[in-house]
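Single-letter residue listing:
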Amino acid sequence: MHAHALWKVVDRNDAAIDPAEAIAFVSDPGFGGLDVFIGKVRDLNQGRAVQGITYDLFEPLVVAGFERMAADVHARFGPRVKLYIAHAKGRLAVGDVAVVVAAGTPHRGEAFAACRELIEVVKHHSPVWKQEHYADGDSIWSEGCTLCHADDLPTAPLQGGQAADPREPDRT
Amino acid sequence: MTQVTLQLFGAFSDLDPAREICVDVTGAQVADLRATLRRVLPERWPAFRAGLLDYSAFADSERVLRDHELLPADGRVAILPPVSGG
Chain C
3 MHAHALWKVV
13 DRNDAAIDPA
23 EAIAFVSDPG
33 FGGLDVFIGK
43 VRDLNQGRAV
53 QGITYDLFEP
63 LVVAGFERMA
73 ADVHARFGPR
83 VKLYIAHAKG
93 RLAVGDVAVV
103 VAAGTPHRGE
113 AFAACRELIE
123 VVKHHSPVWK
133 QEHYADGDSI
143 WSEGCTLCHA
153 DDLPTAPLQG
163 GQAADPREPD
173 RT
Chain E
159 MTQVTLQLFG
169 AFSDLDPARE
179 ICVDVTGAQV
189 ADLRATLRRV
199 LPERWPAFRA
209 GLLDYSAFAD
219 SERVLRDHEL
229 LPADGRVAIL
239 PPVSGG
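Protein chains in written order, with our numbering: chain C, 3 to 174; chain E, 159 to 244.
Hints listed in this document are in silico derivations from the structure and should not be mistaken for laboratory results. Predicted model only: the values in this text are computed from it and were never measured. Backbone N, C-alpha and C define an ideal beta-carbon position, used for all residues, glycine too. Where hints are given, some of them may not hold.
Stated by the list, open to error - Examples of chain C residues lying across from chain E (beta carbon under 10 Å, computed): (1) D58; (2) L59; (3) E61; (4) P62; (5) A100; (6) S128; (7) P129; (8) T148; (9) C150; (10) H151.
Using the sequences plus the hints, can you model the full thing?
And the structure:
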């Protein structure tokens, strides 16, 4: 953790992610632009009614990855940028906050770009898995991006709002 | 022979309630572990979709390990199926 970046995993059994904490962290008297992405559990996926999601994480690697991702984005947009990442762990209900990423910069353009870049790498490269629980009692592990070639994947820059990894259909 | 304690995540966590299994690997590289699992998974868990292995990576607690790399000295390896965070 550094003065310019804060990252954490939040166990739902202990607390909920607080977007206000993200806003407070990335705020600075010299920053006129703050961008916050909030990912929440929704009630429908691919036509199936969802009751909740369990997030499984390999926590040491997630935390190490968040640090590296924040450092990469800071190197691209810094030095005047502050970044925040929080991801939930455990069972969440519909409407619960699963992830918050935020960026603060002097102007809005860098804030939007840094926040977008950060959420894309968090989603596509972090060892996090979600098991969706459906209203009919079934539960299924979602499969997204393979990490088999993680070292080969660029950490953006993104172009035209596309996801960082075209193999992953972005359903957020 | 290398004894590996394989930590299970995502869909692989359904294999064992303890969320880890012990595997005797012939060889010392990550590729040897993958080859061993390709043989062992269908034997021990015939109902499991073993093809998921082809899209899964391996890691220690600090980084993803490539197939040509040596297995960690402490024998603890995590198997990482395709990720789906956020």
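Checking each numbered hint in turn, tell me which of them this model violates, lowest number first. No hint contradicted; all consistent.
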